[in-house]
Amino acid sequence: MNKKQLLIVSVIGLALLAWFALDLGQYLQLAVVQERMDELRSWYQRNPLLAGAAYFAVYVAVTGLSVPGAAVMTLAGGALFGFWYALLLVSFGSTVGATLAFLVSRTLLRDWVQGRFGRQLKAINSGFARDGSFYLFTLRLVPLFPFFVINLLMGLLPIGVWRYYWVSQLGMLPATAVYVNAGTQLGQLESLAGIVSPGLLGSFVLLGLFPLLARFLVGWLAARRKLAGWDRPDSFDSNLIVIGAGSAGLVSALIAATVKAKVTLVERDTMGGDCLNTGCVPSKALIRSARMARYAGRAEEFGLAPMTVNVRFGAVMQRVQRVIKTIEPHDSVERFTSLGVDCLQGEARIVSPWEVEVDGRRISAPRIVLASGARPRMPDIPGLDGVDYLTSDSVWQLQQLPSRLLVLGAGPIGCELAQAFCALGSEVTLVTHAERIMPREDPEVSAHVQAAFVAEGMQVICAAEPLAFHATPENSCVVSVGGEQRSLGFDRVLLAVGRTANVDNMGLESVGVACNPQGQVVVDDYLRTAMPTIFAAGDVAGPYQFTHMASHQAWYATVNALFGRFRRFRVDYSVVPWATFTDPEVGRVGLNEKEAAERGIACEVSRYDISDLDRAIADGEAGGFVKVLTAPGSDRILGATIVGYHAGELINEFVMAMKHGLGLNKILATIHIYPTLGESNKFLAGEWRKARKPEKLLALVERYHRMVRG
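If you count the sequence shown from 1, you need to add 10 to reach the numbering used here.
Derived by calculation from the structure, the hints in this document are not laboratory data.
Treat the hints with care, as some may be off.
What the hints assert, rightly or not - Heads up, simulated EDC-like pairs for lysine to aspartate or glutamate below, C-alpha to C-alpha not over 20 Å straight-line:
#, residue 1, residue 2
1, Lys270, Asp241
2, Lys270, Glu344
3, Lys272, Glu367
Can you make the complete structure from the sequences, with help from the hints?
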């Protein structure tokens with residue numbers, strides 16, 4: 011510590027010591043100030059300049075030392091000096107005091123903090139050097155954090171003293187005016203009847219409304235700042251442009267048309283997006299055929315004569331296409347045109363905050379919703395380009411069943427398709443770099459599903475890193491497992507190693523729309539991008555790449571885009587369910603044990619084994635379990651996982667319960683039809699209750715019954 015720093019610490023220490031030793035804070039209590047208001051006014055009338063100077067000095071000291079009392083002093087200043095004189099004193103006093111605190115922080119701490127954490131603060135320093143004035147103005151205008159915290163933190167960052175002073179003065183001025191005005195009204199209060207005076211009530215209303223008005227002003231200024239330099243069209247072709255006609259885009263267009271907005275929907279490929287054409291619909295149709303083949307192979311188990319399953323793979327894939335064609339009209343151009351949506355086919359490129367170019371044609375709207383979806387991710391593996399690989403997009407073009415299928419990736423897509431092809435007759439090898447399949451689920455879930463895979467004849471290799479592909483008549487993939495290399499032969503390889511957001515060649519960079527390290531568009535809680543006129547929903551935005559989440563987000567994106575100037579809605583991620591349609595299925599909502607442990611969240615675990623369920627036994631599907639996490643000492647559900655027959659359907663009861671705050675006691679008290687699979691949820695609630703039965707009370711009841719028997 012140098013001499014300057016030592017001097018500053020000594021002065022601050024002595025000042026604080028005097029403050030607390032003399033109990034000076036008592037004089038900054040509102041009740042004390044009110045009691046002495048007549049005496050203070052009399053002194054002010056005799057010595058207006060001296061009184062103002064003394065008040066200013068005390069105000070600077072209070073804010074500079076970051077001790078409580080500035081708010082009371084502001085109200086007292088309004089009551090004592092009147093609005094304009096008090097506004098002058100408080101505005102400059104608060105800014106001078108804040109700057110002194112800023113300089114103290116800079117002198118004592120900045121070098122140490124930047125030297126110790128400079129690497130971590132590099133991005134913050136860079137952003138603050140560029141936009142520090144606006145950040146500071148926002149913090150001053152909307153008092154989300156105590157001003158003394160802002161003073162101390164700003165001293166650590168790269169902003170000049172003069173810039174800090176004038177931005178603080180400007181940013182604090184509106185709030186200062188509101189508080190001084192409230193003080194002038196309180197100073198005029200002579201009796202309790204004055205509490206209902208229009209002036210005082212108006213001041214209180216202004217105090218309450220100011221944070222809302224300030225936040226609106228900051229948002230407006232931020233938007234103006236982002237849009238500066240762009241020429242806004244004088245008129246627009248539509249109210250909303252939606253890019254992408256997948257789940258998010260279709261729902262966005264539907265909502266906009268329903269509220270009578272003119273909406274333009276742009277799709278470069280086919281209506282319905284991945285879900286209809288290459289995702290949910292075809293995969294579930296294929297899984298259904300595979301399950302029927304599996305049931306046929308279990309004929310003896312149900313008392314039927316053994317039967318040979320002859321899979322006509324071409325017919326299976328034709329059925330998949332028929333299912334798509336049957337559902338297709340729901341997402342067709344004809345249907346959406348009839349609803350009033352202007353549907354355009356072509357490549358969309360954003361050329362300004364309000365304009366999109368579609369194959370050379372420029373269209374405009376006040377708001378744009380980006381719903382361009384995602385595509386299969388291509389891993390960087392030597393030799394991959396030399397093999398005729400499949401993805402979840404292209405696998406539906408197959409007409410001949412691969413004899414040997416290698417599947418890379420054991421997430422939901424990889425697991426579902428691997429098991430389906432295995433049931434249809436392929437020799438399947440499932441390879442993943444993760445320590446286990448379905449790594450997002452609890453280990454016992456992964457183990458249960460993997461045991462089913464192995465029992466059906468599938469080879470599962472975990473913790474394996476693909477090193478290279480070799481395109482020969484006997485195709486092979488070399489993988490490293492536990493430090494040893496293995497060569498895996500295959501006829502076709504299916505890549506299911508994740509999905510990448512479709513953001514390429516869309517002009518996002520030119521309008522300042524950023525992407526995160528995962529390649530998804532960065533959005534705020536309202537699904538608005540860095541450009542305030544552009545929103546995003548669905549796989550392109552994340553964080554969950556589910557069809558039902560895309561539809562969920564679409565509502566928020568569209569409503570906020572069309573009506574955000576009046577009211578905005580934060581997207582709700584509080585209860586997010588999903589299912590993996592393997593056999594057995596896996597249904598999830600909320601936390602599982604793995605996530606609870608990682609986040610340090612205390613919970614209690616209840617479990618019910620479906621092997622005990624009458625309907626599951628009757629159906630020959632007596633396997634799996636229901637597991638629910640609850641808050642300690644409560645029946646409030648934190649999360650649920652179901653593994654078993656129709657788990658994707660059964661999980662919905664827990665989704666409803668979590669969404670609407672219903673605990674396990676409510677589920678236990680609900681009549682469930684017998685015999686159904688849904689009873690498993692009630693029995694789980696029964697297991698929770700059984701583990702918490704009142705043993706002491708039951709002992710007393712037992713004694714009562716014994717007494718009744720004589």
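Task: Numbers of the earlier hints that this structure fails to satisfy, in rising order - done: The structure breaks only hint 1.
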